[in-house]
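**Student:** If you read the protein sequences in the order shown, they are chains A and B. Position one of the first sequence corresponds to residue 1 (UniProt numbering), numbered consecutively onward. Position one of the second sequence corresponds to residue 1 (UniProt numbering), numbered consecutively onward.
Honestly, the hints are just simulated from the structure, not real lab data. Accuracy of the hints is not assured; some may be wrong.
Cβ-to-Cβ under 8 angstroms is the rule here; a few derived chain A residues that face chain B [as the list claims (entries may be wrong)]:
| no. | residue |
| --- | --- |
| 1 | G192 |
| 2 | V193 |
| 3 | G194 |
| 4 | R195 |
| 5 | P196 |
| 6 | N232 |
| 7 | R234 |
| 8 | A236 |
| 9 | L238 |
| 10 | K244 |
| 11 | A296 |
| 12 | K303 |
| 13 | A356 |
| 14 | Q358 |
| 15 | V363 |
Note that the Cβ used here is the ideal one computed from N, Cα and C, for glycine as well.
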Amino acid sequence: MTATKNGSAPVSATAQARSRLLGNRGVGEFLLDQRAFVALIVLVIIFALMTDAFLTPTNLITMTKHVAYNAILALGMLLVIITGGIDLSVGSIVGLSGIVAGVMLQGWDLSLFDTTAYPAVWVVVVISLAVGGLVGALNGWLITRFNVAPFIATLGTMYIARGAALLISNGSTFPRLQGDPELGNTGFSFLGVGRPLGIPTAIWIMVIFAIVIWVLATRTRFGRHLYATGGNERAAQLSGVLVKSVKMRVYIISGLCAGMAGLIIASELTSAAPQTGQSFELNAIAAVVIGGASLAGGRGTVKGALIGAFVIGFLSDGLVLVGVSSFWQTVIKGLVIVLAVILDQSQERLKKARAAAQAAQSVKRELADRQPVATA
Amino acid sequence: MTTDAAPVADGVAHRGEVVMRAEAVTKAYGGTHALRGVDFEIRRGEVTALIGENGAGKSTLMKILAGVEQPSTGVITLDGVPVDFRSPTQAVAHGVAIIHQELNLCPNLSISDNIFLAREEVRGGFVDFAAQRTAAAAFLERLEEPLDPTTLAGDLRLGQQQLVEIARALSEDARVLIMDEPTSALSHAEVEVLFRVIRDLTSRGVSIVYISHHLDECLELADNAVVLRDGRIVAEAPMADVDLGWIVTQMVGREEGDLYAPMAHDPGEVLLSVRDVVVADPDSPGRLAVRGVSFDLHAGEVIGVYGLMGAGRTELLEALAGRNRILSGTVELDGVDLARRDVASRIEQGLILVPEDRQRDGLVQTLSVGANMAVSAVNQFLRRGFVSRRAETAAVTETGAKVRVKTASFDAPIGSLSGGNQQKVVIGKALLTSPRVLVLDEPTRGIDVGAKADIFALVAAQARTGRAVLFATSEVGEVLYACDRILVMARGEIVAELDPRTTDREQLMAVADTSATPVDTTSFSPTGSDTNDEA
Numbered sequence: 001m002t003a004t005k006n007g008s009a010p011v012s013a014t015a016q017a018r019s020r021l022l023g024n025r026g027v028g029e030f031l032l033d034q035r036a037f038v039a040l041i042v043l044v045i046i047f048a049l050m051t052d053a054f055l056t057p058t059n060l061i062t063m064t065k066h067v068a069y070n071a072i073l074a075l076g077m078l079l080v081i082i083t084g085g086i087d088l089s090v091g092s093i094v095g096l097s098g099i100v101a102g103v104m105l106q107g108w109d110l111s112l113f114d115t116t117a118y119p120a121v122w123v124v125v126v127i128s129l130a131v132g133g134l135v136g137a138l139n140g141w142l143i144t145r146f147n148v149a150p151f152i153a154t155l156g157t158m159y160i161a162r163g164a165a166l167l168i169s170n171g172s173t174f175p176r177l178q179g180d181p182e183l184g185n186t187g188f189s190f191l192g193v194g195r196p197l198g199i200p201t202a203i204w205i206m207v208i209f210a211i212v213i214w215v216l217a218t219r220t221r222f223g224r225h226l227y228a229t230g231g232n233e234r235a236a237q238l239s240g241v242l243v244k245s246v247k248m249r250v251y252i253i254s255g256l257c258a259g260m261a262g263l264i265i266a267s268e269l270t271s272a273a274p275q276t277g278q279s280f281e282l283n284a285i286a287a288v289v290i291g292g293a294s295l296a297g298g299r300g301t302v303k304g305a306l307i308g309a310f311v312i313g314f315l316s317d318g319l320v321l322v323g324v325s326s327f328w329q330t331v332i333k334g335l336v337i338v339l340a341v342i343l344d345q346s347q348e349r350l351k352k353a354r355a356a357a358q359a360a361q362s363v364k365r366e367l368a369d370r371q372p373v374a375t376a
Numbered sequence: 001m002t003t004d005a006a007p008v009a010d011g012v013a014h015r016g017e018v019v020m021r022a023e024a025v026t027k028a029y030g031g032t033h034a035l036r037g038v039d040f041e042i043r044r045g046e047v048t049a050l051i052g053e054n055g056a057g058k059s060t061l062m063k064i065l066a067g068v069e070q071p072s073t074g075v076i077t078l079d080g081v082p083v084d085f086r087s088p089t090q091a092v093a094h095g096v097a098i099i100h101q102e103l104n105l106c107p108n109l110s111i112s113d114n115i116f117l118a119r120e121e122v123r124g125g126f127v128d129f130a131a132q133r134t135a136a137a138a139f140l141e142r143l144e145e146p147l148d149p150t151t152l153a154g155d156l157r158l159g160q161q162q163l164v165e166i167a168r169a170l171s172e173d174a175r176v177l178i179m180d181e182p183t184s185a186l187s188h189a190e191v192e193v194l195f196r197v198i199r200d201l202t203s204r205g206v207s208i209v210y211i212s213h214h215l216d217e218c219l220e221l222a223d224n225a226v227v228l229r230d231g232r233i234v235a236e237a238p239m240a241d242v243d244l245g246w247i248v249t250q251m252v253g254r255e256e257g258d259l260y261a262p263m264a265h266d267p268g269e270v271l272l273s274v275r276d277v278v279v280a281d282p283d284s285p286g287r288l289a290v291r292g293v294s295f296d297l298h299a300g301e302v303i304g305v306y307g308l309m310g311a312g313r314t315e316l317l318e319a320l321a322g323r324n325r326i327l328s329g330t331v332e333l334d335g336v337d338l339a340r341r342d343v344a345s346r347i348e349q350g351l352i353l354v355p356e357d358r359q360r361d362g363l364v365q366t367l368s369v370g371a372n373m374a375v376s377a378v379n380q381f382l383r384r385g386f387v388s389r390r391a392e393t394a395a396v397t398e399t400g401a402k403v404r405v406k407t408a409s410f411d412a413p414i415g416s417l418s419g420g421n422q423q424k425v426v427i428g429k430a431l432l433t434s435p436r437v438l439v440l441d442e443p444t445r446g447i448d449v450g451a452k453a454d455i456f457a458l459v460a461a462q463a464r465t466g467r468a469v470l471f472a473t474s475e476v477g478e479v480l481y482a483c484d485r486i487l488v489m490a491r492g493e494i495v496a497e498l499d500p501r502t503t504d505r506e507q508l509m510a511v512a513d514t515s516a517t518p519v520d521t522t523s524f525s526p527t528g529s530d531t532n533d534e535a
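Just chain B, with the same shape it has in the complex (with noise of 0.2 angstroms):
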């Protein structure tokens, strides 16, 4: 590795000292706190895990530090000296500098381009691109990934884009790094890399905050752990001292058992088979998301697919739907091929999606509650070429019941809705089609818990009358207790397939991570050297 002299002295002197504090901050969006007082430390030359469930408000913790978010209330010091960063670029002056969880880089520059995004190398009011590429080069030289600097951001699979946002962050020459799950589209063997980059840098005295899903990453790498649930911090503890199951105690903070409602369904027969479906990723079409998947859906029963981000997960699930096209494989609805039909068709086959992103995906934001509810459903309530109102009101307001909808009105606007209950107005739409398969994608992201529970008893129910659910979750709890099988996802394939009664947290966090490895030998290396059908 590189030496460095100065640093490494600085560094190793003052190690474990506390760089930045965040004290007594909160965060509020409207009515709903992401985070309620929350005291944070970062010590030089250690990495600290930021450990929590979605929604616990580690990105939003982690955007208040490097100045993309100012707090409600709270102090953040740098050195001890409170600091009050109103942009990125103030808390990069300061020496804080952060990698963001969804990738932010501009697809139609080059890739050295984005790494000197705002900070261009400036001669004589001219830029020194040359400069700039070898620079660029040197990053991504120790980031072992040495790609082209003048290639376009958008030419690159999700990965090496990660890996340049990495580089950018090097670039910016921190004392405080932030990473924000830095690895979701990471090989293993570029995890690997990130890791040994990352032991560098503290050794040099750069202070590293760490964000992952994989929690057999923060163990392995971190010095520190920081838990946190519902916007506080609950438990924190140095690494050594800790195991996956503490952590994993510490995040949930609860029995989940007692939440869902136990499943106890007679699975019939085969509703959905799905073959072999591959899809490519929406985002750079030269990757592919699912990577052949195959299952069978039984009516009555519910499947929950679990797996990390980047699994491929939504992909699937989108594809089944039809909103990603099925490159090859088949879906088959009581024996009828769906695979090459459009949206509509599939919804009235029988097959519809909830999907992920309600607010953009889910509802018309400027319709009632009740039109949103009827808009799939419009033509079962024309008489004569005209929409009924009074067949539309009858349908809405008895779907509203059966999903318990909490609204003023069915008129009322759609915005005055908490989380929850907008969901239940998607899934009331998705229900007034009389689909025989239900596909759900996080159906409960960003619901507090009793709406959750809610949802999942209605997904029970529907089950109960012989329809059939898939869900897609990232969180451990649900698949566990929410279904009657589940099916783990990992770099797009489906790795393992596990009996929910018999399978506890750690075997699934497990199974869900530590799986995409062998999977990541044979698939990721670039012509498949070590599979022998071309040699």
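So that you can see chain A by itself, here it is in the shape it has in the complex (with noise of 0.2 angstroms):
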């Protein structure tokens, strides 16, 4: 009975390839499914088409850099927004990491030892990790312990970090990061400017997170019980799934993300602002959003928040490169957002309403057929 999967008659090459590919679905079925691929492939057609500046190798590799902590802001995001949360908190995050990467590069004045320490590079780049972690770790707990809605916990943090930044920083700028050789803290930039094997660091580390959180994400327990919490919450924890440790593991991801996201930026401006990232949050949930996942929860792939962060940050730089105001790049961003919104929408509004198409036409056949029933 199970000859649905394997049993099937030999077919052409192309045949199966094509099945492979579209299911059995129309082929406007699939470009709806895949519209997120199919919006930046046109994005890329046009831009090309409007400046020869657009597909030249250094452009893309640009580009790629700056699509990149968006990347890892919204891979971050992504895991939340999988079990049904969203943190606000990441744009803070990026702040206050680089923040603290630039007081201990620029010399940690420990008054109460009284020395100035000047860590290795590595130590800087732990703790300013852990920072981001911590942060993401108060969110889960606020969420977790004391039923905070996740919006409300993230909108918290995200003023309480932005102080932060600005206290230790008393609201100015670090900045001169590269190091000081004498001092053995020198090659922080390597983050934001290195290029090993020519692609700059900030492209592998997006590579590398996105594989870590993919392989996390589809492969390992954690992963089924993160999609179990967001598609619905109370079967997996009468499953048991232990759902608020997972919720506390995937804002201390989202935190360690954002930590990672700021270290690269402080590093490629070789200076710290407090400022820095403000607005970034949105940015990510806006990638995660055009990718495809659910705010409901339960639905979203890596490969797609890849994907949207590409199409924002491949957008804006198009926009600029074509000399769109900036104004009008605005505009259009917040366009984008809401038509992919739109398009998910209408998948599955389509999809519910053939199934049921299907189901009446069969009832009103069998109507016809029956004898009609006397009433009273």
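Grab the two chains, each in its own frame, and use the hints to assemble them into the complex.
**Tutor:** Structure, rendered in structure tokens:
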């Protein structure tokens, strides 16, 4: 009785490839399904036609580097959104982790011990990431321990983390973070301006984060529990999924991702400003949503979030290249986000309507056959 | 069937001895007692049927045994040792599993992911999806439902989802398996398969607790019958010694006729005329919840719609009121077809629904008693664009008296009222819109006996003023004593129209249950193989 999967008759190779690609859907439905990717291709084609400067290797690498930090934020945000939550604090964490790195590279004033410490770069990186993870843990704690709605909890920590960054830096920027060979703390610039194998470090980091999170989400126990929590929290709980621990972990991961993004930006600018990262959380949410995730939870993929980040990044950079005013850029970005969600909704509706129409058709046939039942 | 040597020997040797026991268990939610000192035994290798009306406490008792909830007082013992399950995971670890009444699947996960949720096969840090799929396929095969284990649970029809829940419970390899309404969405053929699986399990020493509204299933399957009423066990007996009549008497425990005012209406002309209405299941759009329903409702008449769980009552009523879309068919009120109208214009035409879930759909929890009652009719109180408090208060006071709400004041928060009084507020809200057709879905769910009588008296009074009333219920007593005409639904169709004066309990339950069978064979076969329209 399990002949559905393996026992199919021999088919031509192209037909097989076609059916692997499309399943039993039409081309239109396939395009709708892959809409984020289609949108990205369309964007690339349009910009390539409008300006020769767009489709050059240098420009593509530059744009991808711009995409990288938003993509890293979006990867953390994706996990949070799959559980049905939201993380508004990531933009502030970007600022905070940069500032923490800045303080330590400039000389960590430990007045308690009457010295100034200059920790090695790897220590700076670990501590800055830990600060991001800590803010994430605070989010998770507020949400799981006190049942604070994720929107509110992370709105609160968004202000707290930003305030902390301003307090630490006293509102000013830490410049010249390249370090001093005499103090042994050089090398921070590797994150932002290094180019191993000719590719900027930021892109490598994005790729590594993407692979790790993809494996986590699709191949591990944690991944199943993640989707289960977002799909039906009560069912997950009754099945024995430790829902609270799942939530705690996604906020910590999101905080770590934001901390990483903050380090990359500080390194690239070789300075850390407390205002860095403002409204980055919204770009990350937009990337995840364009990639087909549902804010209601349970749905979303790493591939989608990455494509979403590329759509947003290429759109802004492309519009700059072709000379569209920055005011119009903002409007267009908004339109793209709304359009993505409208398409998402119409796909769901289409599926439901089709199923219902099929069922109704069969009953109509049945009703026509049946003798009229006398009432009263 | 599969054979497995060791458990068989064990199960046969100790058949009938008590495996699990609840001693003097009580459970209170706030001020109300769901269980009042229950002693309940589960015996090895036997099926115990737990029987009772809605709200008798069956599900609560089972949730306590399965670790979903904890008793307020009392002890649970397993093999004579007291146990204190804090979570379903702990219960499963001790070999106690439950199939919940409400479906508990993650719609976004595949069948095999759902079956192995929180018990994944992990190898080297990664989930072994292939092994899970193979195992899941084997469990589905055992239930004779060879679905592809990679199918998303959300794409399954309700019955298949229920089978996945059953497969999940089987995979937990339990010694005690609790089944709370496992067949509510299953077809007759699927029920047969489930019964074979249950007999196979018991022959291997697994103990089953079986809860079902389908009493004939209990009669066929169970070794013991335990009847629960108002949170107490009122009777228990070996199933071989009892019959349907005994069960029903024990369940109800009183002469119900005394509860309700007799109906004596003179039906007027036809008010509402429903023809060939088809409605999709809102939860799984590929399935139809209502499959071509037609009836007439006259002025001054009260119709009771009776059916078991999943019969399509709620979906029909919600479709009439405009909450579910009507795929085809007509709903005429005074000759105007309402089938394509929205809820607001149906209310304006005079058709309003008192919904099944009053907490969620009937009341605004943050508003006062009076504001809740006035919320649908607020247009009537507008004076030059502003709400006139005086007009509102007057109307609310008058209606509140009519529906006999017991409240300290109309400014009191709605949450301060008992369930019965809250329901009266919802009915009052409906009456304030001056409906001609009043539709009530399970109007007495979760309310006490006295308030039930009040509500049906209210319904009768409304009918006497020339309104037409349609209500749906899963309680036999209510249709037998509180309406002029009974429509019995099964599997989305009206399968019988009965006169309550000449019908008794057994007849009604038999019709609601067994009528599902012939309907089932024609309409649930995949492409209608026994209809000859396309052959």
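**Student:** Give a verdict on every hint.
**Tutor:** How the hints compare with the structure:
no.	hint	in the structure
1	G192	violated, 33 angstroms
2	V193	violated, 35 angstroms
3	G194	violated, 31 angstroms
4	R195	violated, 33 angstroms
5	P196	violated, 28 angstroms
6	N232	holds, 4 angstroms
7	R234	holds, 7 angstroms
8	A236	holds, 6 angstroms
9	L238	holds, 5 angstroms
10	K244	violated, 12 angstroms
11	A296	violated, 10 angstroms
12	K303	violated, 16 angstroms
13	A356	holds, 4 angstroms
14	Q358	holds, 7 angstroms
15	V363	holds, 5 angstroms
The structure does not agree with the numbered hints 1, 2, 3, 4, 5, 10, 11, 12 stated previously, though it agrees with the rest.
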